[in-house]
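Protein chains in written order, with my numbering: chain A, 751 to 1073; chain B, 41 to 384.
Errors might be hidden in some of the hints.
Label pairs and their computed distance ranges (CB to CB) [stated by the list, open to error]:
#: 1; chain 1: B; residue 1: K51; chain 2: A; residue 2: Y965; range: 24 to 30 angstroms
#: 2; chain 1: B; residue 1: W59; chain 2: A; residue 2: V983; range: 39 to 45 angstroms
#: 3; chain 1: A; residue 1: E822; chain 2: B; residue 2: Y78; range: 51 to 57 angstroms
#: 4; chain 1: B; residue 1: G159; chain 2: A; residue 2: G850; range: 36 to 42 angstroms
#: 5; chain 1: B; residue 1: R50; chain 2: A; residue 2: M971; range: 53 to 59 angstroms
#: 6; chain 1: B; residue 1: V369; chain 2: A; residue 2: Q842; range: 46 to 52 angstroms
#: 7; chain 1: A; residue 1: W785; chain 2: B; residue 2: P209; range: 49 to 55 angstroms
#: 8; chain 1: B; residue 1: W224; chain 2: A; residue 2: L926; range: 56 to 62 angstroms
#: 9; chain 1: B; residue 1: Q373; chain 2: A; residue 2: A938; range: 35 to 41 angstroms
#: 10; chain 1: A; residue 1: G850; chain 2: B; residue 2: I99; range: 55 to 61 angstroms
Hints in this document: simulated from the structure, not taken from any laboratory. Here a beta-carbon is modelled for each residue, glycine too, at the ideal position from N, C-alpha and C.
Spelled out, the chains give:
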Amino acid sequence: MALHTIENKTAETTRTRSPVGPPKKSARAHAAQRWRRKASRVVLYGALIAGAVVMLFPFFWMISSSLKTFQEVNLSPPTMLPSDPQWSNYAQAWEGPPSGFGRYFLNSLIVAVLGTALQLVTGITAAYAFARMKFRFNNLLFLVVLATMMIPFEARIVPNYVLIRQIPLTGGNDLLGEGGSGLYDTYAGMILPGVAGAFAIFLLRQAFMAVPRDYWDAIRMDGASHWTFLWRVLIPMTMPAVLTVVLFGFIGRWNELLWPLIATQSESIRPVQLGLMAFSGDEGSLYHLLMAATTLVAVPGIIFFLFVQRRFVEGLTAFGVKG
Amino acid sequence: MASEIIVRRRKRQRMERLWLPALYLAPTLVLLWAFDIYPIFLSAWMSLWRWGIQPEEFIGLDNYIRIFEQIGSRPGGAPGEVGQSLMVTGFYVLGTVPATIVIAFVIANLLNSKVRFLGALRTAYFVPYITSTVAAGLAFVWLLNPQVGVLNSLMEWFGLPAQQWLLDPEPIVPKLLGAVGIGWPDGAPGFLAGPSVALVCVMAFSVWNTLGFAVVIILAGLITIDPQVKEAARMDGVNSWQMATRITMPLVSPTLFLLLVVSTIRSFQSFNEVYVLTSGGGYGAGAGSPLDSTLTLPVLIFRHLYERPSSVGFAAALSMLLFFLLLIVTLVQFRFAERRVHYD
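Chain B on its own, in the form it takes in the complex (with noise of 0.2 angstroms):
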């Protein structure tokens, strides 16, 4: 009788060992596998052929050539229409992301100061976060009207020349030299003009969406800081300007560092935005618009992959050049971060 006890509680417990663990995980393990790991073979695989609906023919590494080749200029001198993605998200992601994270420390900074009203003030930098992309940028694009747009009525109370906003291709720098009398020099490399003004637009949008996620983090780890700490710099007569410099942002630099992880991530797969701002509101212009100057690559790779025939080969692999470039400054970032980043 006890013999067969200790047989059966063995092999319940080796049940438990192997089975059990298996069974709550099977679901998940599946659906990772299928859904996000196993893709990123196939999509290695799918970048080898020419791909429609169905592959059609393996062409080695012509998908990747073709990439290259489009890096390249254009016959005009403009560069191709990889070569102008890859600008469009270097302009993008180095505008927005220092951008939201600067201007998220100093709020979080000032809503720290024990302000009353926290809880409301708080939720009003938070509410664009939650709201659909879809629903905020369609607002957008109504503040931006050309015609109409409250923000031309507000450049005009202003005294200053209404603008085209969405609609205009025009790099930024020049256009602001100009405005002070200073002319642009014919040659210069046309990545030296910087973004378009539809581009500005959409990275400003971009900003407004995702401050209050970036303000609500950097919060939460502002409030871990010992207040003695602070107290005690501040009777040895830092002034504001050194404490955040030198105090604070030491301090939560673990905080600020996994925020520009996560930051330059979305960043550099940024559609939603551009999609809605340069798509909606009846311009009809298409996902890019105009010229091409808000085209990031995730933009780009949805073009081949909804608008063009047997190119989802060519699709996949932009998505791995996405994937890589996104890996390589991933590790970048966390090899300066070795440095940089203060643990405890």
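With the rest of the complex left out, here is chain A (with noise of 0.2 angstroms):
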């Protein structure tokens, strides 16, 4: 709006400097810079253009070769799209390791949809306790939560490895946390580490804290607790912070590699993408099936995510914004 009243101005201004310029001139002039804006608009378009192929193409390649013949994905030079499409491809693809994919779909659903919910529901409680709530420490404690934004994956796999083998009372330990392998190779041994996560608590403590105090002030007057506010009044009023933890949340567990690489070893328990390197090393060289696994794995997430976009993006600029 107020690139475009200066831009009015400008024009205006210009017209009544020089109304007796000569015209001819000036409309040559004009036609020039016109000319010359539309070539850069070109330009602008052919970037952003190329720039998006070059980022899509790697998607494009890989679902034509899924449904190519064996013989057409090994010709060279290659062809563009597939002679015959092969759509049997995803079938046999789905059949492929021994267990079939429906089971590691099932486990990357499990922990996705497990790993989330406790990560919301833990996230929540905290974010409102240190949003709206009056106690001491309150935020050297936000700080030490935030700081452990610093701490690498790779310095917490190697312990966390070891621990969720101690855990007691669990796959076989006794009290102590001996004798027995613990929660490792467990769906549990899988999603707790991840639960609890600073940058959703912290997302939704600002998002918490930018509702103005009247709401609780009036439905305090009501006798109401805390825990009714929280639910009832403070998350639907701030649902767009709540579905970006989902979001954000279900996706990074969805893709998840390394952690569930070391915690389990049964490939009865093992999520998608586990699932699908397993593939890769047994069929790597059947090019067509992997790129068909590939697609099945890939594509859910990116139609997922189509639907979704808008508030994902939002999630990401808020972070971006306050850092």
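The two chains are supplied separately, each in an independent frame; assemble them into the complex guided by the hints.
Listed below in structure tokens is the structure:
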């Protein structure tokens, strides 16, 4: 808006300032300027579209290859599009691993849904305490929570590998956490270390703090508790932040690779990313099937993202602006 | 009656001051302590042991001495495993972080100039970021296949020699110089020869993969710039280069700094990219291949943790090294930024 008014103003001033200038020349200058602007627009769009093509080409090639026959996928030079789309590749890839991809997808779903739900609930209560309750060391504790963001993942992975084996009374362990394998090779072992998320708490706290105090004072009059206020008033009012946490949590969990690789050994509970890696080890030279499996793993996430992308980008934007 | 109510209210208030926050915070604090904070101390403790599945023997600083021994040269003149991984990590961070930020800055500026289909274009740049590294990485492995990959077909089409890409352990600088007919002196130090072709491929993948995140963050910073500032500068005859470097850059410098810190931390921790690109897709050569030329520090930690017996203590010592390296780099960045970043 502001830009438009300024542009209009400059146009007006130049017009009023030089009413007696040679009209022919000014028209030519205008035409040249317009041409230059048009050309720069063309260059701009050209660059942006070329960039977008580079970014998306691997996906196009993945899908295109996934529909070719074994002979066609190994042609050199390659064909752009499959001459006769082989939809059966997908069925074949789905059945590829010994237990099929279904089991891996189910495992990923369990880990992602439970992990995200736990993160959301613990994050919401913690953020509420930080944002709305007066107690000693509130700020100090919050700083400690934020500081955990700085601890690199790899520095935690070695001790966590040891820790989940030593959780007492699980996996055949005694009260001191010895004797069995603890939570190693279980869903709980995969899920628990990632539940507490400083970023989620930070985002929710900011959102909760933005809600005016009057709402609390009003509902307090009716004798409502913190718990009621939080779930009945605050959460509905801060839905964008809540959804951002859900989206980040879910996609982060779905794409996890290193921790499940270290924390499990049975294929029957491993998530889909590990299933895909295993498949690529077994059938890696059958690229049409590998690309079909890869498409199966990648596309649900992309479609999910396309549906919710506005919220997702908003969430990132808040992160970028507020740091 | 009245006093009883007051007492009850006081009691309730005291409870709210103490127990309620504790209750709300407990799950988070317990989990953060158990899996984020305590592990640092446990890791420091473990690094003093020879440790398999259980602690085996207290060996003091032996693991750290071993680290230093493995930084130095192997008999053949090549650096030891740890030294190699430090060099590779250095190449990786220096190669990906500045490239990502510069390219993202350019794209974000282009996207910010009132383009149509902004949403669609932004999505195109962002999709690689939300795709799992395994899926996207395997697609790259296929593109880079030396025999029938599409990139080699493209090279041929341009009249260039086909490459081995992810299978090529040779450093890139002598290779490029050789292509234009300049020889590489035998005695030159290894780090001057640059990353291997394979590592450059992994780095290119990493830039492609994280670019969208950087674009969205920078775009968010650009949108907050008051358009009148730019318009005023334009009327003073500032050209686009000056506009980008003298006006836009200082104004988004807090965002760029945040991005620098976040990307550096992430880049130091790069495991997934290397793991997928060097051990996926049927090469079966293992993470860090070929010839350890893509062996980042996190991959080395993984190697000790996952593939070697009784090496968990050594892996812990290596992760302490990574932790302190990151701490130092981040502190230096903050120190440097104090002078360079403009906050309002």
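Verification of the hints:
no. : hint                                  : result
1   : K51/B <-> Y965/A: 24 to 30 angstroms  : 26 angstroms, holds
2   : W59/B <-> V983/A: 39 to 45 angstroms  : 22 angstroms, violated
3   : E822/A <-> Y78/B: 51 to 57 angstroms  : 55 angstroms, holds
4   : G159/B <-> G850/A: 36 to 42 angstroms : 37 angstroms, holds
5   : R50/B <-> M971/A: 53 to 59 angstroms  : 19 angstroms, violated
6   : V369/B <-> Q842/A: 46 to 52 angstroms : 47 angstroms, holds
7   : W785/A <-> P209/B: 49 to 55 angstroms : 52 angstroms, holds
8   : W224/B <-> L926/A: 56 to 62 angstroms : 60 angstroms, holds
9   : Q373/B <-> A938/A: 35 to 41 angstroms : 37 angstroms, holds
10  : G850/A <-> I99/B: 55 to 61 angstroms  : 46 angstroms, violated
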